[in-house]
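Those protein sequence lines, which keep their order, are chains R and L.
Every letter in the first sequence is one number past the one before it in my numbering, and letter 23, counting from 1, is 61.
Every letter in the second sequence is one number past the one before it in my numbering, and letter 101, counting from 1, is 642.
Keep in mind that the hints were calculated from the coordinates and are not lab data.
Computed from a predicted structure; not experimentally measured.
Glycine included, each C-beta is placed from N, C-alpha and C at the ideal position.
Be aware that one or more of the hints could be misleading.
Simulated restraints, written as ranges between beta carbons of each label pair [as the list claims (entries may be wrong)]:
| hint | chain 1 | residue 1 | chain 2 | residue 2 | range |
| --- | --- | --- | --- | --- | --- |
| 1 | L | D646 | R | T123 | 17 to 25 Å |
| 2 | L | D667 | R | N110 | 48 to 56 Å |
| 3 | L | T548 | R | Q133 | 35 to 43 Å |
| 4 | R | E132 | L | S575 | 19 to 27 Å |
| 5 | R | A146 | L | P627 | 48 to 56 Å |
| 6 | L | N661 | R | Q133 | 26 to 34 Å |
| 7 | L | T601 | R | V147 | 50 to 58 Å |
| 8 | L | A560 | R | D68 | 15 to 23 Å |
| 9 | R | N110 | L | G615 | 47 to 55 Å |
| 10 | L | C614 | R | D68 | 35 to 43 Å |
| 11 | L | R550 | R | E132 | 34 to 42 Å |
| 12 | L | P636 | R | V147 | 24 to 32 Å |
| 13 | L | R611 | R | V147 | 41 to 49 Å |
| 14 | R | N110 | L | D629 | 38 to 46 Å |
Chain R stretches covered by chain L per the calculated footprint, using a threshold of three residues with CB under 8 Å from any CB of chain L [stated by the list, open to error]:
| hint | segment |
| --- | --- |
| 15 | 88–96 |
| 16 | 118–130 |
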Amino acid sequence: MDITISDFGNLGKKVILVGKLDIAGAERIDLPLAAVAGTRQSIVVDMMGVDFIASIGIRHLVMAAKAVARGNGKFLLLNPTPLVTEVLKTAGLEQLLPIVRSEDEALAVLAG
Amino acid sequence: MANDVETRRFGMSCSDVAAIDDWLETVGARWGASERTMFGARLCVAELAANALEHGISRTSADHIVVTVRRICGGVAVEFLDSRAPFDPTAVPEPDRAESIESADPTGRGLTLLHAYARNLTYSHDGIYNRVKLMIST
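Looking at chain R on its own, in the form it has when it is part of the complex (with noise of 0.2 Å):
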């Protein structure tokens, strides 16, 4: 799993996630996204790159919204890929962790 965080616009940060979000994936994501969501900014998690989940990478996303959400930013989820959608579906996430399917669609809830 690799992890690139950089600036979204002026609106917050955009982590990009690569790989699979698995045990070994949520480790070592584990303090540079615990990081970023203790700026409180909003966060775009860019999601396209990961391939595989499962509850424990779950559990570091939720962990890292709940943060931001203490600073009443947003966190969003861009563009996971159909089988990590149902994944996040079928764990009941769909309305705690906001989906977007573009970059755009992302800047218009950051900005709303």
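Based on these hints, arrange chain L on the given structure of chain R.
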């Protein structure tokens, strides 16, 4: 389908759990199994393995996991064994769903996913192993 059964023994560590998933991906590719079917099998095994690793009570320093996958008509059958203290994942109630991110518990979704993806989920304990059997339908 004479060769379409594979079994492997793993240790009980984070890297072992990751190795199980790598192995399942390799097996699925060798079989030419559908991505969706193998994704479901990998997810169920990942949840069982993480559960054993994180919550299972260790009974020996030689704790281990044995995974068997079998290609069957209509999907993949999985048998998952772990040597930790008896724990029945089929008997755990579904957690309540949170209505907001503020009230959401970050944990507790693994068994929800297991129950959603697995068919014919059964548990037994044979005195040595927790033995979970399940099927993933194509």
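Outcome of the hint check:
1. L/D646 - R/T123: 17 to 25 Å: 21 Å, holds
2. L/D667 - R/N110: 48 to 56 Å: Between L/D667 and R/N110, where Cβ atoms are some 53 Å apart, the hint holds.
3. L/T548 - R/Q133: 35 to 43 Å: 41 Å, holds
4. R/E132 - L/S575: 19 to 27 Å: Holds: the Cβ-Cβ distance is about 25 Å, inside 19 to 27 Å.
5. R/A146 - L/P627: 48 to 56 Å: Holds, since R/A146 and L/P627 (Cβ atoms, about 52 Å apart) stay within the stated range.
6. L/N661 - R/Q133: 26 to 34 Å: 31 Å, holds
7. L/T601 - R/V147: 50 to 58 Å: 51 Å, holds
8. L/A560 - R/D68: 15 to 23 Å: Since the Cβ atoms of L/A560 and R/D68 sit about 20 Å apart, the hinted range of 15 to 23 Å holds.
9. R/N110 - L/G615: 47 to 55 Å: 49 Å, holds
10. L/C614 - R/D68: 35 to 43 Å: 41 Å, holds
11. L/R550 - R/E132: 34 to 42 Å: At roughly 38 Å between Cβ atoms, R/E132 and L/R550 fall inside 34 to 42 Å, so the hint holds.
12. L/P636 - R/V147: 24 to 32 Å: 28 Å, holds
13. L/R611 - R/V147: 41 to 49 Å: With Cβ atoms ~45 Å apart, the hint holds.
14. R/N110 - L/D629: 38 to 46 Å: Holds: the Cβ-Cβ distance is about 42 Å, inside 38 to 46 Å.
15. 88–96: This one holds; 5 residues, not fewer than the three required, reach chain L with a Cβ under 8 Å.
16. 118–130: This one holds; 5 residues, not fewer than the three required, reach chain L with a Cβ under 8 Å.
Taken one by one, the earlier hints all hold for this structure without exception.
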